[in-house]
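**Q** Chains as they are written, first to last, in this note's numbering: chain A, 1 to 384; chain B, 1 to 274; chain C, 1 to 386.
Among these hints, one or two may not hold up.
With a straight-line Cα cutoff of 25 Å, these simulated DSS-like cross-link-like pairs (lysine-lysine) come out [unchecked claim]:
{"hint": "1", "chain 1": "B", "residue 1": "137", "chain 2": "C", "residue 2": "316"}
{"hint": "2", "chain 1": "C", "residue 1": "118", "chain 2": "B", "residue 2": "153"}
{"hint": "3", "chain 1": "C", "residue 1": "381", "chain 2": "C", "residue 2": "338"}
Computed footprint of chain A on chain B, listed as stretches where at least three residues anywhere in the stretch have a Cβ under 8 Å from a Cβ of chain A [unchecked claim]:
{"hint": "4", "stretch": "68-78"}
{"hint": "5", "stretch": "92-102"}
{"hint": "6", "stretch": "112-122"}
Below, a sample of chain C positions facing chain B; criterion: calculated Cβ distance under 7 Å [unchecked claim]:
{"hint": "7", "residue": "18"}
{"hint": "8", "residue": "234"}
{"hint": "9", "residue": "235"}
Calculated directly from the structure, the hints in this document are not laboratory data.
Cβ atoms here follow ideal geometry from the backbone N, Cα and C, with glycine treated the same way.
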Amino acid sequence: MNVNRVRALMYKEWREILRDRLFLALAFVVPISMMLVFGYGIKLDVESIPFAVLDQDRSAMSRDYLHLFMGSRYFSYQGHVQSEEELEPLLADSKIRFAIIVPPRFQENLKAGRPVAVQALIDGTFPFRTSTSKGYVIAINSAFNAQLLAGYISRTMGLTPERAVAMVQPVKAQLRYLYNQELKSIWSIAPVMMMFILLMAPPFLTALGVVREKENGSIYNIYSSTVTRAEFLIGKLLPYVGLSCINVIILWLMAILVFNAPFKGDPLFFFLASVVYVICTTGIGLLVSLLARTQVAAMMITVVVTIVPAVLYSGLLVPIASMDAASQFEAHLFPAMYYTDIALGSFLKGIGSGQLWGRVGALLIYTMVLWVLSYFLFHKRVRA
Amino acid sequence: MGQPPLVSAGSGSAPAEPVVRVQGLTKCYRKQVAVDGLDLVVGAGEIYGLIGPDGAGKSSLMKIIAGVLTYDGGTVEVFGQNISSEAAAERVKGRMGFMPQGLGQNLYGELSVEENIDFFAQLREVPADTLVERKQKLLAMTRLDKFLHRPMKLLSGGMKQKLGLVCTLIHQPKLIILDEPTTGVDPVSRRDFWSILTALLREQNISALVSTAYMDEASRFQQLSLMYEGQVIAAGRPEQINAKVTGTLVELVLAMQTMQTEALQQLKSAFSTG
Amino acid sequence: MLRVFVEGQRETPAISQVKSLLSDFVIDDIRASQPEMEDVFIALLSRANLAGHERVEMIKSDRHTGLASSPALAIEADKICRDFGQFRAVDQVSFQVKQGEIFGLLGANGAGKSTVFKILTGIMPPTGGEGKVAGQDMRSASRAIKERIGYMSQAFSLYQDLTVLENIRLYGRIYAVPRRQLKQRIDWVIATAGLRGAEGRLAGALPMGIRQRLALGCALVHQPQVLFLDEPTSGVDPVGRRRFWDILIQMARVEQVAILVTTHYMSEAEHCDHLALMYAGRIIADATPAQMKHALQQAAGELLEVATDQPLQALKVIEQAGFEEAALFGTRIHLLAKEPQQAREQIENALAPHGISLLSLSPRPPRLEDVFVYRILEQEKEARSQ
Chain A
1 MNVNRVRALM
11 YKEWREILRD
21 RLFLALAFVV
31 PISMMLVFGY
41 GIKLDVESIP
51 FAVLDQDRSA
61 MSRDYLHLFM
71 GSRYFSYQGH
81 VQSEEELEPL
91 LADSKIRFAI
101 IVPPRFQENL
111 KAGRPVAVQA
121 LIDGTFPFRT
131 STSKGYVIAI
141 NSAFNAQLLA
151 GYISRTMGLT
161 PERAVAMVQP
171 VKAQLRYLYN
181 QELKSIWSIA
191 PVMMMFILLM
201 APPFLTALGV
211 VREKENGSIY
221 NIYSSTVTRA
231 EFLIGKLLPY
241 VGLSCINVII
251 LWLMAILVFN
261 APFKGDPLFF
271 FLASVVYVIC
281 TTGIGLLVSL
291 LARTQVAAMM
301 ITVVVTIVPA
311 VLYSGLLVPI
321 ASMDAASQFE
331 AHLFPAMYYT
341 DIALGSFLKG
351 IGSGQLWGRV
361 GALLIYTMVL
371 WVLSYFLFHK
381 RVRA
Chain B
1 MGQPPLVSAG
11 SGSAPAEPVV
21 RVQGLTKCYR
31 KQVAVDGLDL
41 VVGAGEIYGL
51 IGPDGAGKSS
61 LMKIIAGVLT
71 YDGGTVEVFG
81 QNISSEAAAE
91 RVKGRMGFMP
101 QGLGQNLYGE
111 LSVEENIDFF
121 AQLREVPADT
131 LVERKQKLLA
141 MTRLDKFLHR
151 PMKLLSGGMK
161 QKLGLVCTLI
171 HQPKLIILDE
181 PTTGVDPVSR
191 RDFWSILTAL
201 LREQNISALV
211 STAYMDEASR
221 FQQLSLMYEG
231 QVIAAGRPEQ
241 INAKVTGTLV
251 ELVLAMQTMQ
261 TEALQQLKSA
271 FSTG
Chain C
1 MLRVFVEGQR
11 ETPAISQVKS
21 LLSDFVIDDI
31 RASQPEMEDV
41 FIALLSRANL
51 AGHERVEMIK
61 SDRHTGLASS
71 PALAIEADKI
81 CRDFGQFRAV
91 DQVSFQVKQG
101 EIFGLLGANG
111 AGKSTVFKIL
121 TGIMPPTGGE
131 GKVAGQDMRS
141 ASRAIKERIG
151 YMSQAFSLYQ
161 DLTVLENIRL
171 YGRIYAVPRR
181 QLKQRIDWVI
191 ATAGLRGAEG
201 RLAGALPMGI
211 RQRLALGCAL
221 VHQPQVLFLD
231 EPTSGVDPVG
241 RRRFWDILIQ
251 MARVEQVAIL
261 VTTHYMSEAE
271 HCDHLALMYA
281 GRIIADATPA
291 QMKHALQQAA
301 GELLEVATDQ
311 PLQALKVIEQ
321 AGFEEAALFG
331 TRIHLLAKEP
341 QQAREQIENA
351 LAPHGISLLS
361 LSPRPPRLED
371 VFVYRILEQE
381 KEARSQ
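Let the sequences and hints guide you as you build the complete structure.
**A** Below is the structure:
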């Protein structure tokens, strides 16, 4: 291998990238904006659900009951209505996502020892949020029930309110949230976004870079000279890997400084693992570029081949363990899953090479397969 | 009455092996036949022309000879070597230079004139010291020395053409293949290009295979093939081909311009072309 | 000017044959010369029965826009200037194109031709000067101009994935051809451009020559008064080019459309009624082809063709002998000489000491390429001396 030739190819590519201002801007602007948009935009926390109230009883007890909702950080009180008909348009318009209807004679029935049914209308458009909301409602409802029961016991058995409560709810679950104490979804979204962006952007840039040569004819300089396949592939690709490494640092800094995600792991290990990941995804772009003949085709194929696995098979939306067997198998075939583990592990769990070497190994295998495949698919004498 | 060769063969040497020998070449793109049973022989030190319109198969033929395009049938020998396998083609590429179609398309727009030349030189493993003097000479000859640092995308058509030529010759190949180097360029630049090309080839005894869609460039070549839709219509020296068809070209101007179309119709019915 | 290749006949019988065929017409000027490679090519093709034989139908269209009422001058450019920052791309360009005239705009790439086109078609505003196209002022009425002109560029503006018919129909709609006339116009385009039988083929699958005619047809679908063609025949085979020009000639002579065309094929420039040569944004010559050739002879003399037994060395010697603009054409040398006899002696004397023998030296009628090269080189010399 002639190192001078590789250097010449790298140098040429690097200069072309630097002087193409638009390309250069996109290479950095796109990842940064994606990070910002998704980081600030995706909120998986279900909080401040807007709701309205229809209190058909308007008694002291109904107000007590409703206060439990109004005071909760999970709900955001928007106002009350006078009739059920008023609720429909508000729900349809998404002005509220949840409505509580307290029936008439709420207090009267409760005091008489008769059960009452409170109706809760929840917007079911997003099942995930709906089930979470349902959980809150049931919990608050149980809390009220427990309160009533405790009050009754305290009055009839002459116990202090505290003792009464202890009788009603003897088992308390002490929940500790490991790794993400405040349950801030942004803390896990930021690292996962790194996985996502580094799965999409490097292949995009790389595919464009190679196919551009095919489109304008300068690829013939390569085909018609004695430069070897390996020299070309390395020389052409290294600048794009370099660009992506810079992006790794930028995105990492954004996660820590802009989104305040904690980083408990080993920075050096994480950076090296990220470089392996980036070489891997660049390899995806290389493979795509060998198969596509126009820049437009390259872009479309890249998008399909990277976004779909990134969203479905990385654990971004749904944990891999909860997928069915076939999907789990497919998830193991894409690099996204491995890097997600590395990223989340480094940021939130504080683990390093000790536990994650296996994931890095998987990425290395993936990279080698891609590059070897590209080497054999690249011909210096083409069919058309 | 023999026509003098443009470049005389080396004194006292035996007739050299042809640099290119093609026999019965066929190439198809899916359903379309681009080259159909074609023969071609390019002698050493010759400027060989391929003349024909778009779709004649010139580009395909040239790419095949340059070893950058596969072919479906026939034999292709370059420098006496059969290039049927990709590996065999690689062995001869070092001695060839190829300039694809499209003015300046294979050059790098963001790089300057000098950076382009340096890149091609490094790609072709030209030693640094040789490069310095060769570069100087070629740049002076093509008058590009004043534009050393100008980005290639800002060059005029004629300058791009010359830069492309310099980059193709920088490693002193034995054979250069130029695909329509003069298309889309004005007559002055074309003339300039031809004089530079012939001077360079003569000096270094390089053989050239050049294609063009301009019929009037036929007299530039020592040997040429007229091509149409994948076949060779006629081959040989320009005078030989001209002699195949005897006749007279009559040019006339009508007193009343508006009658031109009717006159044209009359002529067409009697003769071919008008 | 009309060109006919009479196969198998020598000069005198060929001329008389043509004359007798055109006995109904009055011929101003007629001359004979050796066939060129293009003629040989076409003749060989027809011998091998390879060239297609589609006839281009000549149908006269019904022009609703009464051209009798349209101005006699289709294009008037008056001292047009265009600057890009410090760079003056178009410098005081003035010329006129009459209705029914074929006007050629020649010049090197970068001389300013495309910029002039863009300004006249209303796409780009000028920095100075006035202009009128189809009677409309280019500064204030660019929309009206666009309705009255057709434009065909080198990079075809056809939709590759649509058929021939679909392309024509699309252009008809884009140019707002009234519904009632659309079908008629489409028929006319297909007939005139010789596209019968090809209506259902995809534009991208057509051979170059036919594709060009289609592009031309699309530019004509709305019956424009003025046609702007930017290197329309680049890369097309000679047969295709002639068919293309047949259409242009019909448009100009019969339909009285004004045509402004740029080309690098000097043989096509011969077809033009009038030529303007541009250099560095200026017009350096503005005359008919015949006038230009005549002017060349006045300025630089006869064109002589010299054949020797050692062409390359002879060229050097001749250049040194004072004929700096001598150029090699294949194996022969072309040069301009004011005094041919004197030149002959000079050359013989110069070649003899080098052992080069002069095989022949004969005058040739200058072609437009010689005019072009001479004028441009003259300008370059002037520019260098400043």
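**Q** Each hint should be assessed against the structure and marked as holding or not.
**A** To see whether the hints hold, each was checked on the structure:
This hinted pair checks out: residue 137 of chain B and residue 316 of chain C have alpha carbons roughly 19 Å apart, not beyond 25 Å. This hinted pair checks out: residue 118 of chain C and residue 153 of chain B have alpha carbons roughly 21 Å apart, not beyond 25 Å. With a C-alpha separation of about 19 Å, the suggested pairing of residue 381 of chain C with residue 338 of chain C holds against the 25 Å cut-off. Residue count for the stretch 68-78 of chain B with a Cβ under 8 Å from a Cβ of chain A: 3. That meets the three needed, and the coverage hint holds.
Counting residues of the stretch 92-102 of chain B whose C-beta sits closer than 8 Å to any C-beta of chain A gives 8, which meets the bar of three, so the coverage hint holds. Here's how the stretch 112-122 of chain B fares: 5 of its residues keep a CB closer than 8 Å to some CB of chain A, so the rule of at least three is met and the hint holds. For the restraint placing residue 18 of chain C at the interface with chain B, the shortest Cβ-Cβ distance is roughly 5 Å, inside the 7 Å limit, so the hint holds. Nearest Cβ of chain B to the Cβ of residue 234 of chain C: about 6 Å, under the 7 Å cut. The hint holds.
The criterion of a C-beta within 7 Å of any C-beta in chain B is met by residue 235 of chain C, whose closest approach is roughly 4 Å, and the hint holds.
Checked against the numbered hints given earlier, this structure breaks none of them.
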